[in-house]
Amino acid sequence: MEVTLTHFLIVSTILFCLGIYGIVTRKNAVMVLMGIELILNASNINFVAFSRFGNFGLQGQLIALFVIVLAAAEAAVALAIVLNVYKTFVNVNVDEIDSLRD
Amino acid sequence: MEIYDIIFYLFAAITLLSAFFVVTSRNIVHAAFYLLFTFFGVTGIYVLLGADFVAIVQLIVYVGGILILLIFGVMITNKITQVDIKTGTVHTLPAAIGVGLFTGIVGAVILNTEWRIVDSPMPVATLSTLGEMLLTEYVLIFELLGILLLVALIGAASMARK
Numbered sequence: 075m076e077v078t079l080t081h082f083l084i085v086s087t088i089l090f091c092l093g094i095y096g097i098v099t100r101k102n103a104v105m106v107l108m109g110i111e112l113i114l115n116a117s118n119i120n121f122v123a124f125s126r127f128g129n130f131g132l133q134g135q136l137i138a139l140f141v142i143v144l145a146a147a148e149a150a151v152a153l154a155i156v157l158n159v160y161k162t163f164v165n166v167n168v169d170e171i172d173s174l175r176d
Numbered sequence: 814m815e816i817y818d819i820i821f822y823l824f825a826a827i828t829l830l831s832a833f834f835v836v837t838s839r840n841i842v843h844a845a846f847y848l849l850f851t852f853f854g855v856t857g858i859y860v861l862l863g864a865d866f867v868a869i870v871q872l873i874v875y876v877g878g879i880l881i882l883l884i885f886g887v888m889i890t891n892k893i894t895q896v897d898i899k900t901g902t903v904h905t906l907p908a909a910i911g912v913g914l915f916t917g918i919v920g921a922v923i924l925n926t927e928w929r930i931v932d933s934p935m936p937v938a939t940l941s942t943l944g945e946m947l948l949t950e951y952v953l954i955f956e957l958l959g960i961l962l963l964v965a966l967i968g969a970a971s972m973a974r975k
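Residue numbers (this note's numbering), protein chains in the order written: chain A, 75 to 176; chain B, 814 to 975.
Chain A extracted, bound-state conformation (with noise of 0.2 Å):
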């Protein structure tokens, strides 16, 4: 079975649920970042195979570079945010941060 189209979006689509899991149950706030960086790059596949098997010339590539500097500054902002955090609550786990709903 020749690799087409639809090998490389289940890959991407598997990264992504695998980001979504990583997410949605890790308490600590530095893995739920990894689970975001998981996802941005199943979408940055999905960008890429459909920039060389549609008819759309370079601009899957392209908008793939956006993205990757998107990642970049989102993770300096929320490993900074994270950095407040653990000064202020000596941990970092995202269930155990809620003063806001006391």
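Certain hints may be false.
If you want a taste of the chain B side facing chain A, the calculated C-beta under 7 Å gives, among others [claimed, not checked]:
1) Asp818
2) Val836
3) Tyr859
4) Ala864
5) Val903
6) Val919
7) Ile923
8) Trp928
9) Ile930
10) Ala969
Label pairs and their in silico Cβ distance ranges [said to hold, decoys possible]:
11) Asn925(B) - Asp176(A): 46 to 54 Å
12) Ser941(B) - Glu170(A): 45 to 53 Å
13) Ile869(B) - Gly131(A): 17 to 25 Å
Source of the hints: derived by calculation from the structure; they are not laboratory data. Beta carbons are placed, not taken as given, at the ideal position from N, Cα and C, and that holds for glycine.
Take the given structure of chain A and dock chain B to it, following the hints.
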């Protein structure tokens, strides 16, 4: 089966297995190192899709930048003196059922869709075309992303120093 297919299945297996270990491993440092293999696998998939520049940017930015940042986050927010850095999980069973259902539905939709595949030849070198697009058609987005990176840099630095 051609060599292309074998390499694709190899990289897909590396990506998905290590991604599975990222979300299931209880040790955060192990998870970060499995994430390294996930990024390498995704890089291989980009190369198979003929996206050489995106693959190299993925390697430099993700492995060289984001992963190091995440590992620093792990080191700063856990007392590194205790040897095993564990992380807890919450409601795994409902999450597994929901995610499994979602994977099944999306996979079925993908398999049952008649994709119109254009038989375009494998692009030889994408760098010059990407550079031209970046500085002509997409120059506004390019500049905006530059400003965004600057804002993120200043914001992260000022937030972390407080």
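Taking the hints in turn, this is what the structure says about them:
1. Asp818: Since the shortest Cβ distance to chain A is 5 Å, the answer is holds.
2. Val836: 4 Å, holds
3. Tyr859: 6 Å, holds
4. Ala864: For alanine 864(B), the interface hint holds, since the closest Cβ of chain A sits about 5 Å away, which is under 7 Å.
5. Val903: 6 Å, holds
6. Val919: Holds, about 5 Å.
7. Ile923: 5 Å, holds
8. Trp928: 5 Å, holds
9. Ile930: Holds, because the Cβ-Cβ distance from isoleucine 930(B) to chain A comes to roughly 5 Å (cut-off 7 Å).
10. Ala969: Alanine 969(B) check passes; min Cβ-Cβ to chain A is 4 Å, inside 7 Å.
11. Asn925(B) - Asp176(A): 46 to 54 Å: Holds: the Cβ-Cβ distance is about 49 Å, inside 46 to 54 Å.
12. Ser941(B) - Glu170(A): 45 to 53 Å: The hint (45 to 53 Å, Cβ to Cβ) holds, given that serine 941(B) and glutamate 170(A) are roughly 52 Å apart.
13. Ile869(B) - Gly131(A): 17 to 25 Å: Because 20 Å falls inside the window, the suggested range holds.
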